Amino acid sequence: MSAKPSETTPVESSGPIRTVAVIDMGTASIRLAVAEILPNGSVRKLESLSQAVNLGRDTFTRGAISTETTEDCVQVLRSYRKILREYQIDRPEQVRVVATSAVREASNSLAFIDRIYIGTGFPVEPLEPAEVNHLTYLTIQPLLKAEPALGEVETLVMEVGGGSTELLAIRGANVVFSETYRLGSLRLRETLEALHAPVVKVRKMMEQQIERTIDDMAASIPRDNLIELVGVGGDVRFAARKLIAEWDSTRIARLPIKALEQLTDKILGQTTDQLVRKQRLSYPEAETLGPALLAYVLLAKRLELKQLLVTNVSLRDGLLIELAAGDTITEEFSNQIIRSATDLGRKFQFDEVHATHVAKLAGDLFHQLQAEHMLSPRTEVILRVAALLHEVGLYISQRSYHKHSLYLIRNSDMFGLSRRDLLLAALVARYHRRASPQPSHEGYNTLDRDQRVTVQKLAAILRLADALDESRSQRIKEIKCQRDEDRLIITVPQVEDVSLEQLTLRAYGSLFEETFGLSVLLRIAPG
Amino acid sequence: MTEITPSFFNRELSWLEFNQRVLNEACNRDLPLLERMKFLAITAANMDEFYMVRVGGLKIIASQGVTSLDPAGMTPTEQLEAIRKRVRQMVDDQYACFHEIEERLADASLRRLRPDQLSERQRHTTEHIFDSEVFSVLTPMAVRAEDPFPLLMNQMLHLAVQLAGPEDNPEAYRYAVIPLGKVLGRRVTLSTDRGHVYMLLEDLAIAFLERFFPQEQILASAAFRITRNADFTLRDDLAFDLVTDMQGILNARKHGDCVRLEVSHSATPELIAFLKQRLEIAYDDVFIVPGPVDLAGFMSMGDVAGFDSLRYEAWPPQTSPRIDPGTSMFRTIASGDLLLYHPYESFEPVLRLIEEAADDPDVLAIKQILYRTSRKSPIVAALARAAQKGKYVTVILELKARFDEARNIEWATNLEEAGVQVIYGVKGLKTHAKVCVIVRRESHGIQRYVHFGTGNYNEMTARIYSDASLLTCNEELGADAVAFFNAITGYSQPQRFQKIEAAPLGLRGKLLEMIDAEGQYAKQQQDAFLYAKLNSLVDPELIQALYAASQAGVKIALNIRGICCLRPGVPGLSENITVISVIDRFLEHARVFHFHHGGDDRVWISSADWMPRNLDRRIELLVPVEDFDCRGRLMNILQTYFRDNVKAFKLKTDGSYERVGARRKRQVRSQQELYLEVCKAVKEAEQSRQTTFQPHRAGGND
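Read top to bottom, the protein sequences are chains G and D. Heads up: the first sequence begins at 1 in the numbering used here, then just goes up one per residue. Heads up: the second sequence begins at 1 in the numbering used here, then just goes up one per residue.
Among these hints, one or two may not hold up.
Stated by the list, open to error - Keeping only pairs whose Cα atoms sit at most 25 Å apart, straight-line, the calculated DSS-like set for lysine-lysine is:
(1) G/Lys278 <-> D/Lys427
(2) G/Lys242 <-> D/Lys499
(3) D/Lys85 <-> D/Lys652
(4) D/Lys555 <-> D/Lys652
Note that these hints are calculated values from the structure, not bench results. Please read these numbers as outputs of a predicted model, since none were measured by experiment.
With these hints in hand, go ahead and build the complete structure from the sequences.
Put into structure tokens, the structure is as follows:
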């Protein structure tokens with residue numbers, strides 16, 4: 001008894017611990033995760049809650065979310081609000097509420113989101129497929145690292161949702177491709193129910209439907225490597241718990257496809273009522289289970305795999321990792337985005353050396369001018385993507401090529417960038433020359449003020465970076481920025497003459513001056 | 001028909017055997033007299049409930065012609081027959097015991113006086129008491145043949161009076177009934193020179209009976225009492241298995257039929273016939289008792305002032321050596337899991353934890369289940385205080401009769417007014433789990449302190465019930481406890497727990513899995529055994545699992561205080577199973593299970609008995625005790641009971657129980673052993689404290 005027990009009396013700690021929450025409005029349920037973000041950035045989950053809702057059923061059968069379901073959602077979120085209060089989570093930056101395809105695809109999505117906001121005060125963010133893929137990537141990364149065996153192979157991460165299926169191929173730390181297919185467990189069920197097919201035929205018809213999507217999938221999956229298929233989501237988690245009695249859910253479960261197929265058959269042979277009673281599922285969960293599992297089984301069989309790997313991670317884990325990272329994005333992830341931007345540039349035969357150099361210079365400027373632009377570190381990747389792709393419009397035509405760049409970028413799929421981020425990057429590229437942003441400009445006019453300011457600042461920086469490589473010889477390699485009253489002095493070492501660049505700056509630099517109130521002066525560093 | 005010995009004992013007969021074991025304690029001449037009287041009163045109170053719920057339920061089923069067999073192979077009618085036979089014997093034994101105790105109490109100067117035994121002075125006092133307090137309160141009701149019989153209150157004592165008929169026809173008896181009410185105490189204390197004397201209320205009323213019937217001729221009078229069928233819509237928890245047989249019958253059937261009549265032997269045959277006929281009760285259900293009706297009323301005798309030599313020596317609860325009154329409970333728990341075994345160890349630390357939580361500025365939320373607690377409970381006060389201080393307090397309140405009481409319980413309303421979120425139970429399920437979670441913000445983040453118990457948050461019963469408490473801030477247990485609350489309060493669908501199991505979700509499955517796993521070890525020729533301590537074992541599925549494990553070679557030792565439907569020691573079925581039952585001064589109430597699990601010993605505490613109602617119709621918890629010291633201590637506690645050869649009974653294959661008896665030299669009385677162990681630990685801790693000097697230092701000088 002002489003040893004003193006460890007100190008537990010609360011004291012002011014050196015680093016703050018943030019208590020945060022994420023709410024995910026999915027197809028079959030609204031889930032809440034409450035967590036702490038420790039000073040070292042790690043996430044400690046405190047609570048996980050789930051309540052069943054019919055969002056998916058509404059959207060994928062009727063196209064819209066019913067009033068009844070909307071009010072159910074309001075009730076659920078209000079009850080979650082109470083839990084959050086217990087943790088003193090009351091500031092908006094502590095909570096993130098997202099919704100996936102069931103809300104995004106509803107025809108009354110906006111009205112729904114407004115009603116939720118009025119009823120609960122929660123702003124709901126509908127996630128785009130690209131964001132979902134990004135979050136999946138974030139959650140799966142730590143697992144891939146923890147399982148060295150997966151480092152060697154190509155990992156195919158699959159999530160069959162109510163309305164769509166996400167597929168993400170990762171090799172090492174790199175995303176090889178990501179794609180969203182319109183194969184959804186609820187969609188399937190609805191299509192078949194609409195046909196009033198007899199029960200015995202349902203399985204066969206479901207199989208045919210799924211096979212069609214699997215044909216598409218198989219065509220895009222590179223087969224030059226060993227493949228492991230990883231399933232995420234509630235349906236496969238259910239299967240893992242059924243098939244592996246003592247699944248340590250912090251680890252990956254390996255489900256033999258044979259056993260999974262038997263389970264799937266058993267589940268497809270039961271009515272929703274039976275599933276609810278016997279398996280203790282909610283109705284919305286019970287509806288998606290069979291078709292979803294069948295999709296995993298069929299893809300695994302097509303790829304001639306013997307097992308399906310299942311992880312316990314979810315979208316909420318990804319959201320928490322994002323919250324933990326705050327405004328910064330991981331270097332690994334940023335590299336992923338740059339990689340896919342480069343791929344896109346190559347598609348349009350860009351001047352890779354110039355583009356890469358401008359992107360580097362833009363990045364340097366972004367860092368050195370942090371005190372001027374005060375943008376979140378997250379926006380750097382948007383700038384770099386814009387810098388890489390600013391000239392892709394040349395692929396179409398010389399004339400007004402910056403406008404071609406705008407729509408080419410805007411309409412591509414790029415891993416890790418949401419539609420919104422992609423538009424920002426496209427606009428930054430568009431404004432690398434010619435007119436300054438105008439409220440009347442297409443695309444620009446859909447942005448809110450913060451986003452408009454971001455575009456303007458980034459475009460100004462991009463013009464500077466582009467001007468610095470006007471010679472296209474990459475002779476300006478290093479720069480040093482220094483503020484002197486109302487001038488920005490950029491010192492460049494080991495260059496004999498910068499008159500070309502200075503000239504270009506004068507031509508293109510007005511945006512910079514308009515934006516930051518600084519004129520730019522190039523100066524050669526004394527030998 | 002050939003006699004096949006069924007694998008199960010009938011639960012009613014098994015319960016009667018339990019009551020017999022309690023009666024044995026009442027008859028045990030080695031016990032202090034007032035404790036014996038208490039045990040006797042307990043057997044009577046138990047029997048009252050048994051008649052009301054179990055016999056009442058069986059009667060309804062039998063009267064509807066249900067002939068389905070119970071697991072022991074008996075029809076409802078057969079069960080009723082067997083019960084009657086057994087109860088008759090038991091009632092005879094109860095009264096023999098009563099007279100024997102009373103005689104000895106009289107020798108010890110604690111006497112009950114009959115009207116003819118009063119001294120002049122006492123006669124005077126009783127008259128005064130009758131006039132001033134009794135006469136005005138009691139109201140006789142004349143019962144004429146043409147009138148409906150007055151509604152008699154269930155289990156209330158009444159007097160039946162037989163009066164002579166009119167002068168022209170004295171044989172045309174008239175009758176009256178006097179309810180003795182609940183206002184007056186059953187025992188009326190009288191003055192005496194030595195010791196304590198008292199008179200029973202019914203005797204006092206009889207002594208002055210003529211005052212109620214002036215100018216009448218009283219031929220006879222007798223105390224009596226009826227027991228009515230329970231209202232099963234409110235009592236279904238106690239008759240869960242029966243109620244499932246009663247679906248549809250219940251609505252059709254009027255409740256409250258008389259299922260038992262107890263009459264004092266002073267009643268004349270006419271009086272008995274009158275009651276029997278008017279109450280519409282069969283002769284089989286009439287008990288003419290050779291002594292006072294309602295022996296449960298003698299419970300309070302144990303509290304008569306003085307006479308300490310007629311009671312057990314006091315075993316005051318000890319403060320666990322792990323607890324320092326000067327250290328906050330939060331700090332104590334943070335330094336390691338804490339196991340308390342009540343009532344040997346005081347329940348006070350649990351109260352203190354909740355009180356500290358109420359006043360601690362860093363506590364964010366308290367969630368607690370309260371089952372049958374009292375208005376005066378310090379826990380209720382602490383929870384209200386916590387809510388007033390702005391903490392989020394959630395209380396799930398389980399009341400005996402949910403609908404009537406909920407509205408009337410003033411203190412629950414006060415809790416709500418203080419800002420506590422009060423949830424009056426969960427629809428369709430009785431919340432029987434005992435758990436309290438405290439969410440506290442600390443320097444290293446949110447910390448959750450949890451109390452899991454096997455007994456109620458009731459500081460009174462915590463002094464006489466043996467129960468276990470686990471206090472912990474283990475991460476997984478904390479998360480589980482919070483998830484459990486989210487599920488039962490409807491904030492979330494049940495999520496998977498990391499360590500605990502809850503009924504009616506995965507608790508039954510977990511037990512089956514653990515029992516089955518033990519069987520697998522046995523089949524692989526590994527050591528396989530399991531020990532379980534619980535109050536009742538009825539559930540057929542679990543019993544079958546235990547049989548299967550026994551057949552696989554698992555050594556199973558069960559310590560079951562009450563009902564046990566498992567038949568032990570049957571070759572080929574259950575020869576590896578032994579069952580004991582410990583009846584002593586503390587009510588054995590803790591549920592503790594120990595599975596060997598291939599050497600990776602798994603120990604659990606639980607709120608649940610192994611009965612269908614607990615596993616399917618109640619919210620219960622099964623909690624692992626993983627801390628090395630706590631687990632080891634619980635394993636030792638379990639073993640102590642199995643070594644008992646003083647207060648332990650062994651269940652024989654035929655369903656009867658016999659005392660284990662001391663074949664060995666040393667007598668082991670488990671409750672005493674447990675108490676002495678606790679005292680020893682406290683003493684050792686004190687001594688070790690004395691050998692370390694802890695100077696008081698000014699702050700910061702360490």
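| Can you name, in rising order, the numbers of the hints this structure does not satisfy? | none
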